[in-house]
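> As a plain string of letters, each chain reads:
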Amino acid sequence: MGGMQRQDWVALAATLAGGALLFWGGMAAGAYWQVVALTLAMWIALVQSWSLFSGLTGYISLGHAVAYGLGAYLMATQFRELPVWLLIPAGGILAGAVALIVAVPVLRVRGPYFVILTFGLAELVKFLLLRLETALGASSRLLFGAPGTDVLLAWMVALAVAATLLRHGIGRSRFGRGLVAIREDEVAAETLGVPVTRYKVIAFALSCVIPGMVGAVMALRSTYFEVLQVFSPTISFTIVTMAIIGGSGDARGPVLGALFLVGLSEILRGTAPQLYLIIMGVSLVAFVLFAPSGLLGLLRRKGG
Amino acid sequence: MMTSLLSGQLLFAAAVLGALYALVGLGMNLVYGTMRLLNVAHGDLLMLGAYAAFWWFTLTALSPLLALPLVAAMGAGIGLLLYALLFRRQLAQGLPPEVIEARSLLLFFGLSVAIQNITAYAFTATPRAYRHLDTVWQVGQTAMTGNRIAALAVAGVILAGVLVFLRRTTFGMEIQALIQHREAARIVGIDVGRVQAVAIALGFASAAVAGALLSMTEQVTPFMGFRFTIAAFVVVILGGLGNIRGGILAGFLLAIIEIYAVTLFSSEARSILIYGAFVAILVLRPQGLLGRARR
Numbered sequence: 011m012g013g014m015q016r017q018d019w020v021a022l023a024a025t026l027a028g029g030a031l032l033f034w035g036g037m038a039a040g041a042y043w044q045v046v047a048l049t050l051a052m053w054i055a056l057v058q059s060w061s062l063f064s065g066l067t068g069y070i071s072l073g074h075a076v077a078y079g080l081g082a083y084l085m086a087t088q089f090r091e092l093p094v095w096l097l098i099p100a101g102g103i104l105a106g107a108v109a110l111i112v113a114v115p116v117l118r119v120r121g122p123y124f125v126i127l128t129f130g131l132a133e134l135v136k137f138l139l140l141r142l143e144t145a146l147g148a149s150s151r152l153l154f155g156a157p158g159t160d161v162l163l164a165w166m167v168a169l170a171v172a173a174t175l176l177r178h179g180i181g182r183s184r185f186g187r188g189l190v191a192i193r194e195d196e197v198a199a200e201t202l203g204v205p206v207t208r209y210k211v212i213a214f215a216l217s218c219v220i221p222g223m224v225g226a227v228m229a230l231r232s233t234y235f236e237v238l239q240v241f242s243p244t245i246s247f248t249i250v251t252m253a254i255i256g257g258s259g260d261a262r263g264p265v266l267g268a269l270f271l272v273g274l275s276e277i278l279r280g281t282a283p284q285l286y287l288i289i290m291g292v293s294l295v296a297f298v299l300f301a302p303s304g305l306l307g308l309l310r311r312k313g314g
Numbered sequence: 006m007m008t009s010l011l012s013g014q015l016l017f018a019a020a021v022l023g024a025l026y027a028l029v030g031l032g033m034n035l036v037y038g039t040m041r042l043l044n045v046a047h048g049d050l051l052m053l054g055a056y057a058a059f060w061w062f063t064l065t066a067l068s069p070l071l072a073l074p075l076v077a078a079m080g081a082g083i084g085l086l087l088y089a090l091l092f093r094r095q096l097a098q099g100l101p102p103e104v105i106e107a108r109s110l111l112l113f114f115g116l117s118v119a120i121q122n123i124t125a126y127a128f129t130a131t132p133r134a135y136r137h138l139d140t141v142w143q144v145g146q147t148a149m150t151g152n153r154i155a156a157l158a159v160a161g162v163i164l165a166g167v168l169v170f171l172r173r174t175t176f177g178m179e180i181q182a183l184i185q186h187r188e189a190a191r192i193v194g195i196d197v198g199r200v201q202a203v204a205i206a207l208g209f210a211s212a213a214v215a216g217a218l219l220s221m222t223e224q225v226t227p228f229m230g231f232r233f234t235i236a237a238f239v240v241v242i243l244g245g246l247g248n249i250r251g252g253i254l255a256g257f258l259l260a261i262i263e264i265y266a267v268t269l270f271s272s273e274a275r276s277i278l279i280y281g282a283f284v285a286i287l288v289l290r291p292q293g294l295l296g297r298a299r300r
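If you read the sequences in order, they're chains A and B.
In short: position in the first sequence from 1, add 10, done, that's the numbering used here.
In short: position in the second sequence from 1, add 5, done, that's the numbering used here.
The set of hints was computed from the structure by calculation and includes no laboratory data.
It is possible that some hints are incorrect.
Stated by the list, open to error - Listed next, with one range per pair, are the computed distances between beta-carbon atoms:
1) Leu100/B x Asp18/A: 46 to 56 Å
2) Arg310/A x Tyr265/B: 51 to 61 Å
3) Ala282/A x Thr65/B: 42 to 52 Å
4) Thr129/B x Leu274/A: 17 to 27 Å
5) Leu100/B x Leu274/A: 25 to 35 Å
6) Leu86/B x Leu92/A: 51 to 61 Å
7) Ala189/B x Gln15/A: 26 to 36 Å
Unchecked claim - Some chain A residues judged to face chain B by a derived CB distance under 7 Å, without partners named:
8) Leu117
9) Val119
10) Pro122
11) Phe137
12) Leu142
13) Glu143
14) Ser150
15) Leu287
16) Gly291
17) Val292
18) Val295
Claimed, not checked - So, partial list: chain A residues that the calculated Cβ filter (under 8 Å) puts toward chain B:
19) Gly121
20) Ile126
21) Gly130
22) Glu133
23) Leu134
24) Gln284
25) Met290
26) Leu294
27) Leu299
28) Phe300
29) Ala301
30) Leu305
31) Leu308
Quantities reported herein were computed from a predicted structural model and do not represent experimental measurements.
Glycine residues also receive a C-beta, built at the ideal position from the N, C-alpha and C atoms.
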């Protein structure tokens, strides 16, 4: 790492300040805004984690709903047995461990084939778990006595802050530069001595840990677990769309992307909820065509 | 048990499904092969074709088979529109295939989300169905409904027609040339832009027609296309990317596996099987089972 530089201190201060604003602002503004703050923190945590792997390496994952779902599944099945503070990190560890297992075969596949593979794999896991749940006679699960929104918001903001700092720190580390080298030219990176496979596998597993914890918290939030809902491809799609719209040049991109789509969703929720997904799809097309480096790229261009 | 597994009933079901898979895979193969576009919205074109047939039948009470030319024209029109708006300039820039693949994947993905939800917005998410040609024909031990026979016949004729078109006409050979080697095709004087436009029109039209045929036997919903996008990928990868005949064989192969899995296990096994096959093929043999690696 080579010690913290000025811009690292700025990033740290900005992230902590943003987290504090999100938590206390949400708490002070009443029940509705608490939920909005929770949703925003959730997406920031998910998109930052995704960006840590997919943004840096260019291996676009459409399977991060699985990490989220595994954390939620662990929470839903063990909620009565184990304390919440243990289950949330355990959800992250479970998601990371599963990612580690599938990483080696899956990461051999490159480019767009990797993208559709992660999507297919996520659907496969979803249908396998659906079958398991049917066999267990549990088509849905209810969680009674989950903590209140204030506790969950605190957890989620902490996860968003942690994911943002992790994304920033790794982006500026030797490891992160190795990942970017893989994105630029994998063969060349290998020739230059970057341990390509090890880096990809570690980054992939790491990028699934916080989403697993997010899933565990969200299971408490919805107090209801159903495989099709939690392992929904829409979650992976939304992550990718937010990342593209925000831009993945640095840790600010995911925040911008999450703000944009969560804001859009809140504006349209009251009037035309179906329009949200339509606009999301169209925005993705527009950004890919006209602003491939996202809102972050537009801001940078404005700034000179 | 063995005799029941070899029954005409199952083979007929596999033939109908296989013809539809082959048709869907053919469209994806044409679009990928000539332009390197990864069309993850392919199944949504099928869905639009299914809705078009449903509304045609509901509003006119005429056979959806009569609407097939219209449905094909609709698919081709959408294909040409997207080509003109989104892809023509990018393709003409001579970007490396990896960039085209990645960018088209994201573009089609955004389009897929938009198309599905516009459809849900316009027609609601309620599943739709209609009854047409559902009289049962008994041939020996095999009971076949008229609509399935019609679907098989129409899909078979289109597949055969496209194969003849690709092999016997100059234009078809130009498409094949483009699939095999883009630069060489340009050098020998093939109008690449025109061939690409025809390929995308043909590919989208075949998806829409497959949807219209399917609508006679299955419920129509805005989100029905997903399964067929994935099936098309399985078929195309199994048959070898850009390999038209391999893809048609692979369509029937996938249908046979699927029909037997559903019969032997349960209907839930269908999704597990399709996605399982998809993952296994990509991890083990991304260059396809029947085809050679192209690159």
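> Taking 8 Å as the limit, does the beta-carbon of Glu133/A come near enough to a beta-carbon in chain B?
holds, 5 Å
> Answer holds if the nearest beta-carbon of chain B is closer than 7 Å to that of Glu143/A; otherwise answer violated.
violated, 11 Å
> State, for the Cβ atoms of Thr129/B and Leu274/A, whether the hinted interval 17 to 27 Å holds or is violated.
holds, 23 Å
> Would you check whether Gly130/A satisfies its interface hint, that is, whether its CB is within less than 8 Å of any CB in chain B?
Result: holds, 4 Å to nearest chain B Cβ.
> Holds or violated: Ala301/A as interface residue toward chain B, Cβ cutoff 8 Å?
violated, 13 Å
> Just tell me: holds or violated, for the beta carbon distance of Arg310/A and Tyr265/B against 51 to 61 Å?
At roughly 56 Å between Cβ atoms, Tyr265/B and Arg310/A fall inside 51 to 61 Å, so the hint holds.
> Do the beta carbons of Leu100/B and Leu274/A sit within 25 to 35 Å of each other?
Distance hint for Leu100/B, Leu274/A holds at roughly 30 Å.
> Does the Cβ-Cβ separation between Leu100/B and Asp18/A fall within 46 to 56 Å?
violated, 36 Å
> Does the nearest C-beta of chain B fall within a distance shorter than 7 Å of the C-beta of Phe137/A?
Result: holds, 4 Å to nearest chain B Cβ.
> Using Cβ atoms only, decide whether Leu142/A comes closer than 7 Å to chain B, and label the hint accordingly.
violated, 11 Å
> Do the beta carbons of Ala189/B and Gln15/A sit within 26 to 36 Å of each other?
violated, 52 Å
> May I ask you to test the hint 42 to 52 Å on the CB atoms belonging to Ala282/A and Thr65/B?
Once the Cβ atoms are compared, 31 Å apart, the range 42 to 52 Å for Thr65/B and Ala282/A is violated.
Hint compliance for this structure: hints 1, 3, 7, 8, 12, 13, 14, 28, 29, 30 and 31 are broken, all remaining hints hold.
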